[in-house]
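Colleague: Chain residues, written in single-letter form:
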Amino acid sequence: MSQEGNMRRVTAIRNGTVIDHIPAGHAMRVLEMLGINRRSSVPVSMVMNVPSKKMGTKDIIKVEDRELNQDELNRLALVAPDAHVAIIRAYVVAEKLTIELGDEIVNVLRCTFSNCITTNPREPLAHRLKILSRVPLELRCHYCGRPQDLEELVNNVL
Amino acid sequence: MSGLITMDDLSNEEILSILDDAQRLLPVAEGKTYLPLLQGKILGNLFFEPSTRTRMSFETAMKRLGGDVVNLGDVKTSSVVKGETLFDTIQMVDGYTDIIAMRHPRQGAAQYAQDAARVPILNGGDGAGHHPTQTMLDLFTIQQAHGRLDGLKVILAGDLRYGRTVHSLSHALTRFGCELILASPSLLKMPAEIVADLNAHGANITETEDLLGSIETADVVYMTRIQKERFADEDEYAKVAGAYKLHASNLDGAKENMIIMHPLPRVDEIHPSVDQTRHARYFEQAFNGVVARMALLCRLLDVEVPADIGGGA
Numbered sequence: 057m058s059q060e061g062n063m064r065r066v067t068a069i070r071n072g073t074v075i076d077h078i079p080a081g082h083a084m085r086v087l088e089m090l091g092i093n094r095r096s097s098v099p100v101s102m103v104m105n106v107p108s109k110k111m112g113t114k115d116i117i118k119v120e121d122r123e124l125n126q127d128e129l130n131r132l133a134l135v136a137p138d139a140h141v142a143i144i145r146a147y148v149v150a151e152k153l154t155i156e157l158g159d160e161i162v163n164v165l166r167c168t169f170s171n172c173i174t175t176n177p178r179e180p181l182a183h184r185l186k187i188l189s190r191v192p193l194e195l196r197c198h199y200c201g202r203p204q205d206l207e208e209l210v211n212n213v214l
Numbered sequence: 057m058s059g060l061i062t063m064d065d066l067s068n069e070e071i072l073s074i075l076d077d078a079q080r081l082l083p084v085a086e087g088k089t090y091l092p093l094l095q096g097k098i099l100g101n102l103f104f105e106p107s108t109r110t111r112m113s114f115e116t117a118m119k120r121l122g123g124d125v126v127n128l129g130d131v132k133t134s135s136v137v138k139g140e141t142l143f144d145t146i147q148m149v150d151g152y153t154d155i156i157a158m159r160h161p162r163q164g165a166a167q168y169a170q171d172a173a174r175v176p177i178l179n180g181g182d183g184a185g186h187h188p189t190q191t192m193l194d195l196f197t198i199q200q201a202h203g204r205l206d207g208l209k210v211i212l213a214g215d216l217r218y219g220r221t222v223h224s225l226s227h228a229l230t231r232f233g234c235e236l237i238l239a240s241p242s243l244l245k246m247p248a249e250i251v252a253d254l255n256a257h258g259a260n261i262t263e264t265e266d267l268l269g270s271i272e273t274a275d276v277v278y279m280t281r282i283q284k285e286r287f288a289d290e291d292e293y294a295k296v297a298g299a300y301k302l303h304a305s306n307l308d309g310a311k312e313n314m315i316i317m318h319p320l321p322r323v324d325e326i327h328p329s330v331d332q333t334r335h336a337r338y339f340e341q342a343f344n345g346v347v348a349r350m351a352l353l354c355r356l357l358d359v360e361v362p363a364d365i366g367g368g369a
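So the sequence lines, in the order shown, correspond to chains C and Y.
Taking our numbering, I'd label the letters of the first sequence as residues 57 to 214.
Taking our numbering, I'd label the letters of the second sequence as residues 57 to 369.
Just so you know, the hints here were simulated from the structure itself, not pulled from any lab data.
Simulated restraints, written as ranges between beta carbons of each label pair:
(1) Y:Gln-283 / C:Glu-151: 52 to 60 Å
(2) Y:Ser-242 / C:Pro-107: 42 to 50 Å
(3) Y:Gln-95 / C:Glu-88: 54 to 62 Å
(4) Y:Lys-132 / C:Ile-69: 57 to 65 Å
(5) Y:Ser-329 / C:Glu-207: 49 to 57 Å
(6) Y:Asp-64 / C:Ala-80: 37 to 45 Å
(7) Y:Glu-265 / C:Val-66: 55 to 63 Å
(8) Y:Gly-129 / C:Glu-207: 40 to 48 Å
(9) C:Asp-205 / Y:Ser-73: 34 to 42 Å
(10) Y:Lys-132 / C:Glu-151: 52 to 60 Å
(11) Y:Gly-129 / C:Pro-137: 44 to 52 Å
(12) C:Glu-160 / Y:Asp-308: 48 to 56 Å
(13) Y:Ser-329 / C:Asn-176: 40 to 48 Å
(14) Y:Ser-107 / C:Ile-187: 28 to 36 Å
All C-beta atoms, glycine included, are put in the ideal place defined by N, C-alpha and C.
Working from the sequences, and respecting the hints, build out all of it.
Modeller: Here it is in structure tokens:
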């Protein structure tokens, strides 16, 4: 099926956010990292494992009536670093966003090392993971210096 | 500089300059002359974990320089046991003192404290993380013996996995171009991320399980204690620990000026017969904790150590 066909699997949205080019099978994880869950009231459509010229297969998410901001999108660096994001207003793409990573990911993920000082949930300073390399993604905790296991890290969303 | 959390906080030039200060402060550390450079300053000793040498040597260093010390005391009776966060403890002590020396069981605690404090933090050990003030006294001891730090062949032996002293020391020695032999049982090997860091800095490293194989060409043998609790059963511990013991008879072919160091406390890894050899330096090393920490306290408090102190330096 064509790229356009993928988009038509679910209806076009009037207002909201479309996240395209999510690696196949990662859409649920993306929703989790964006804090979109059963308690969210906005309509969400999701297609998984559809054909993609660039990626072979991919997932797509459409979130209605909610415009995700850059900080929220940057949370996706771990699971969908190449995602394309479009903000839709009145059925038209009003803005295109890509995930931008600075030198640090702040207050998004908790260090995976069990003996890190930040594992005490009552400690108030920000959780900070330094970005050592973008491709492949390599992160280290600002405090304990431990390299982060990315598989484990996706379970540590704050 | 703000505090000293890892050896990355010091350039090689700063390390050498602090060691110079330490050398000049020796007569003060030995009590031969009194030099109240830190009069009116207060050190906060925050030891959340047991410590003998580090805590006492910080206290001695401060007092030899005319400063004063306040102690957290026993963690069991302090507000920590009531559930106070490290952040809150630091806010309080930050207001009471001019500088804080800290040891904490959690890794990253020293950096966390530095981010929470206005006064400098001296990391006296954070979990299995770093122990840079120990590294400074180790470097001072090596420089005393060999007159230099660069280009030496150093064996780091024993528990390289959990031993934070060897983590900080290996970084510093690599920066000075030393060749490192990492001798440990496979269970207690140097963590892969540290070896990767050292390699990224151009380290010349050999990992081995054989302690004695390179003893004849070494300039420094740095022993550490293998802890029984790291092993699942006692037989395995006994087997492994037995292979990392030094006896005077192992040192026959060693270089004349080779030195044996140990952060102490030792258990069985250095036999008392070694104490009487010219190679033993661990007790001098423990004393050097005072002078190295004196130099660090002065540097972090922006107090210049005079060029001429007198007293037989």
